[in-house]
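2 protein chains.
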Amino acid sequence: MAACKLLTRERATQLLANIDTVLTDCDGVLWQGMEALPGAAKTIAKLREMGKRVLFVTNNSTKSRLSYVEKFKNLGFEANEDEVYGTAYIAALYLKNIAKVTGKVYLVGNTEMAKELDLQGISYTGTGPDPIEGTVTDWKTLPLDPEVTTVLIGFDEHLSYMKMIKAASYLSNENVQFVATNTDEKLPVGNGRVIPGTGCILAAVHTAADRDPIILGKPSKFMFEVMKEKFDLDPNRTLMIGDKLNTDIMLGHNCGLTTLLVLSGVTSLEEARQMQASNSIEHQKCVPHYYLPNMGELGDLL
Amino acid sequence: MAACKLLTRERATQLLANIDTVLTDCDGVLWQGMEALPGAAKTIAKLREMGKRVLFVTNNSTKSRLSYVEKFKNLGFEANEDEVYGTAYIAALYLKNIAKVTGKVYLVGNTEMAKELDLQGISYTGTGPDPIEGTVTDWKTLPLDPEVTTVLIGFDEHLSYMKMIKAASYLSNENVQFVATNTDEKLPVGNGRVIPGTGCILAAVHTAADRDPIILGKPSKFMFEVMKEKFDLDPNRTLMIGDKLNTDIMLGHNCGLTTLLVLSGVTSLEEARQMQASNSIEHQKCVPHYYLPNMGELGDLL
Numbered sequence: 001m002a003a004c005k006l007l008t009r010e011r012a013t014q015l016l017a018n019i020d021t022v023l024t025d026c027d028g029v030l031w032q033g034m035e036a037l038p039g040a041a042k043t044i045a046k047l048r049e050m051g052k053r054v055l056f057v058t059n060n061s062t063k064s065r066l067s068y069v070e071k072f073k074n075l076g077f078e079a080n081e082d083e084v085y086g087t088a089y090i091a092a093l094y095l096k097n098i099a100k101v102t103g104k105v106y107l108v109g110n111t112e113m114a115k116e117l118d119l120q121g122i123s124y125t126g127t128g129p130d131p132i133e134g135t136v137t138d139w140k141t142l143p144l145d146p147e148v149t150t151v152l153i154g155f156d157e158h159l160s161y162m163k164m165i166k167a168a169s170y171l172s173n174e175n176v177q178f179v180a181t182n183t184d185e186k187l188p189v190g191n192g193r194v195i196p197g198t199g200c201i202l203a204a205v206h207t208a209a210d211r212d213p214i215i216l217g218k219p220s221k222f223m224f225e226v227m228k229e230k231f232d233l234d235p236n237r238t239l240m241i242g243d244k245l246n247t248d249i250m251l252g253h254n255c256g257l258t259t260l261l262v263l264s265g266v267t268s269l270e271e272a273r274q275m276q277a278s279n280s281i282e283h284q285k286c287v288p289h290y291y292l293p294n295m296g297e298l299g300d301l302l
Numbered sequence: 001m002a003a004c005k006l007l008t009r010e011r012a013t014q015l016l017a018n019i020d021t022v023l024t025d026c027d028g029v030l031w032q033g034m035e036a037l038p039g040a041a042k043t044i045a046k047l048r049e050m051g052k053r054v055l056f057v058t059n060n061s062t063k064s065r066l067s068y069v070e071k072f073k074n075l076g077f078e079a080n081e082d083e084v085y086g087t088a089y090i091a092a093l094y095l096k097n098i099a100k101v102t103g104k105v106y107l108v109g110n111t112e113m114a115k116e117l118d119l120q121g122i123s124y125t126g127t128g129p130d131p132i133e134g135t136v137t138d139w140k141t142l143p144l145d146p147e148v149t150t151v152l153i154g155f156d157e158h159l160s161y162m163k164m165i166k167a168a169s170y171l172s173n174e175n176v177q178f179v180a181t182n183t184d185e186k187l188p189v190g191n192g193r194v195i196p197g198t199g200c201i202l203a204a205v206h207t208a209a210d211r212d213p214i215i216l217g218k219p220s221k222f223m224f225e226v227m228k229e230k231f232d233l234d235p236n237r238t239l240m241i242g243d244k245l246n247t248d249i250m251l252g253h254n255c256g257l258t259t260l261l262v263l264s265g266v267t268s269l270e271e272a273r274q275m276q277a278s279n280s281i282e283h284q285k286c287v288p289h290y291y292l293p294n295m296g297e298l299g300d301l302l
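Going down the list, the protein sequences come from chains A and B. In case it helps, the numbering used here puts the first sequence at residues 1 to 302. In case it helps, the numbering used here puts the second sequence at residues 1 to 302.
Treat the hints as calculated values from the structure; they're not laboratory data. Note that the structure is a prediction, hence the values are computed from the model and not measured. Be aware that one or more of the hints could be misleading.
One copy or two, either will do: identical chains are not told apart, so a pair holds if it fits within one copy or between any two.
Straight line, CA to CA, 25 Å or less: simulated DMTMM-like cross-link-like pairs of lysine to aspartate or glutamate [claimed, not checked]:
hint	residue 1	residue 2
1	K140	E35
2	K140	E70
3	K104	D234
4	K5	D210
Whenever a hint applies, use it, and build me the whole structure from the sequences.
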């Protein structure tokens, strides 16, 4: 059972001696929106100097690998395409290699997800605005594309009731696969504003479809399995760093990794302690082994 | 415990002798969309001839009382405004008399809900299309109306990501009330099409808001409490007729009514039997006392 200990210098030295690979979440750990968090880039550089492999693991589906590389560069981080695992890429990979999609994907998603589907040679339909028209009489006979074999849900700022009808209607055929990038509920931005996450879009479709989707993002093991195979990773020698308990930290527990919570994102130490005090198995999977105020502090300890 | 018995002529005679008031759901019981179900109007007329009070109870929020009276007339039923309880009306009533709303309602709903709010003198904002614009940078500082004190969710074919941001942002203030008409998941229309219900719209907002709404529609007791007070109803002498287990039949159980399931809507006898075979208390609340193929049959038994 993880103990949620402060990562002291001594513990950090001991921990890093037994680690080859560091997986890190991005938003809330390396940056907040478009601003790099202080010291994070330096910590990443230091880990690499120490010979650690660093891989970036994010549930955010709004960027292709190429767009992420661009963002890393703009915010002062170094990363190449192979080191970045976002759910836009991972979804395309899953549909190509595991689901072995034939026909078309009905995409409730975004243009970056579409780019990754293009790179895997997967056909799709559904991106961009699709506002509701007509009345229930028209909706009952809405034209559907007979080639659609898969519904993929990711972040889609153009979600509309029309898209909900289409997604739910395709999914009423049990042979149509139901796949989603992630279930993150929201991006809390303070200031009395809440930016709903893909989990909200998925909840709408899920409720109508009355079927459970395959979820690819953290805490699902799939992303780690892909990285593990690609880089021959040893879970016992891998550290997962993140700011969210039920995605980052739970992924670590699900895959047998050591976990480090940073408090620079969506989670307070108090929330982690509440999980620790709970008897629920699900909550215990959200308790990190270690915590630190932020990524900059980790660099200072090394 | 309810036994889900076929309502025979003998049982019907016995049952009706002990009933003063009949509550009936509409869609799937009296009509399907814009078509009256055979014999339903005759059954309603017969019940009234027998001296029973008939009240109409629907979770559908897309019609005001006045519009319902119109629909009843068009489909060959007689009903006056006072006999129709839809969630558009009931929501306005709740906000006026129970929640005692001051300020404005942010409405994720429709023009018929707006009409009922007007009748109760409640201010609102939010109806009609509100497509997403800008990027996350803009959304983080989206203008909000400081007068909004309540978020009301009902059926809204113009649901958009912009509305989801606004609703979730208003709800991040814990003093803002969170009210929803109903949680119906979908209107199954066959033909490979699914029409998502208010439950889908609510699920999207609920996931972002991370707060539980007050739900007014069946199976919540609120609608029955309003009718009970208005007409001095005796639950022991009231029959609830409906086609949906987790709304109509559960409402009956929640309020101590006798329940009759008709199989002309969304539920099969097999589904009712599955509930009966379950040990779950929630499922037991979905088991009707009686069932019949449809409302026409009830008329034939009387």
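Evaluated hints:
1. K140 x E35: between (47 Å within a copy, 14 Å between copies)
2. K140 x E70: Cα proximity of K140 and E70: across copies only (23 Å, versus 44 Å in one copy).
3. K104 x D234: neither (36 Å within a copy, 57 Å between copies)
4. K5 x D210: Answer is neither: 41 Å inside a copy and 28 Å across each miss the 25 Å cutoff.
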